[in-house]
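Sequence lines, in order, name chains A, B and C.
Position 163, counted from 1, in the first sequence is what the working numbering calls 234; the numbers after and before it change by one each time, with no gaps.
Position 184, counted from 1, in the second sequence is what the working numbering calls 255; the numbers after and before it change by one each time, with no gaps.
Position 21, counted from 1, in the third sequence is what the working numbering calls 92; the numbers after and before it change by one each time, with no gaps.
Straight-line alpha carbon distances no greater than 30 Å define the calculated DSS-like cross-link-like pairs of lysine-lysine that follow:
1. A/Lys159 - C/Lys268
2. A/Lys97 - C/Lys268
3. A/Lys179 - C/Lys179
None of these hints come from the bench; they were simulated from the model.
Just so we're clear, the structure is a prediction, and the values are computed from it rather than from any experiment.
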Amino acid sequence: MGIQYIFELIGTFFFAISGALALKDKEPDWFAATFTGFLTAIGGGTLRDVLLDSYPLVWVSDASFLYAILFGVVTTFLFHRVVSGLKKTILLFDSLGISFFTILGVEKAINLGFSPEVAAIMGMFSGVMGGVIRDTLTNEIPIIFRREIYATACLLGAGCYLILNPYISRPWNMAISIALIVTIRVIAVYKGLSLPKLK
Amino acid sequence: MGIQYIFELIGTFFFAISGALALKDKEPDWFAATFTGFLTAIGGGTLRDVLLDSYPLVWVSDASFLYAILFGVVTTFLFHRVVSGLKKTILLFDSLGISFFTILGVEKAINLGFSPEVAAIMGMFSGVMGGVIRDTLTNEIPIIFRREIYATACLLGAGCYLILNPYISRPWNMAISIALIVTIRVIAVYKGLSLPKLK
Amino acid sequence: MGIQYIFELIGTFFFAISGALALKDKEPDWFAATFTGFLTAIGGGTLRDVLLDSYPLVWVSDASFLYAILFGVVTTFLFHRVVSGLKKTILLFDSLGISFFTILGVEKAINLGFSPEVAAIMGMFSGVMGGVIRDTLTNEIPIIFRREIYATACLLGAGCYLILNPYISRPWNMAISIALIVTIRVIAVYKGLSLPKLK
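Assemble the whole structure, with the sequences as input and the hints as a guide.
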């Protein structure tokens, strides 16, 4: 639990950075950048927990997550030029963020007794819906509708975790499933891979 | 209950088709079309149940609804040209979908002990909010703000059901209220009827 | 409680007017104007209560709030030219609305046993998220991302209330915190004050 908790805080921190940077072409003020960092970091998990009726929400019961977000946003402000130039770094952190949150979301749904189908959807929601909510509020087409393979990578990683779950230990399963999501995502960006289009 | 359950699955199936088709001018990939089908089918009922604190959500506790959505999306993919050409058929199915979901939403709220005012709003939400969520995420002006009489038809049908409820049997009341919504909606489209505008 | 209840109804009434007017450049029909009035009035408190798992929602358990909204919308229809010309009046009522709802939201979260950090966020949500939801659904950039100091005023007022809370009586604290929010907001609009921008 100790290590998982630290990973969750680190994931929240990186999600807040990617959220705070999301608006940069619109020259957001401090509040707007903080708010989009906050939405990106807590949106997916909050939607999952509301849909599963799992209360209290993590960030409501433990203010550490709010401080991790604040720390991420302040880091973005202080090192704005450095951070926003690191496109490859951001891709990597965003991929780590969505993959880690996806697998933690799958585990939470399974532990609460929900079916594998629901767990896979909730895992994907945990990973990507923070960004979707952020994009919707800022009047952008959400990333899942426009970019290279994204939510699909989360669903594949969730499926991998659920299939391997009875056979291998949790740490190995997490490592394999997270690596799968990150690999698919990074390859998709570098090769420009998209899913087939309808028509 | 047997027949109602089958109707709910059929309604979900048709809503998923209309959702999967909603993006077609934007050339969605498989994931995007599936996701919009999913949102359209479950959005309204999910919002209603979250607002009424009625858990577990239907599609979370019964994976049949997820498979009905998947079946609808696959049908759209396989018969894309055929399905998207059937404009009148789509109008009819969409009207049947919103009217059926509206009345089921009204009944659910009444059975949970809520007031008629709340039941009417929850019925309308069940019918139209899936499409509203879909349109919002895909950066469209939601249908309820732009088209011919739509949500108002659901509110009128809900009111009809609530007024007749003490006097006639449930199957007759459902049939009359659903027919009222479908009729208003179809006439509105064919005659181009809109509500009066504010100034 | 008597006076607070009346204030809540009055706040709801004014929020419904500002919501119904929000679409006026788009020539909304009756339903659209009513619906945006409704969303503006109930959106923030509803989001707060869903996140805090505080059920039943106020407007679900007490239809008076729905009638206050309806009364606000009808007032807007009947006195449309008069009301929409009163720009200064609208600014004042909107400022009173967001400040009152912010402080009531802070108090609710504190009374439910949540931390000051969460109470401040929930207060701000109560004040501004109705408008954010309305703007998002109608495809506008939400007010909190584009206007002069807005949500930040709510956060400052919430902080003021939480800091003074142990030292002064509730009516004085409410009056001071609400006055602070209204003052910041009105000065920001008249002086065109914005927060510093990122970059």
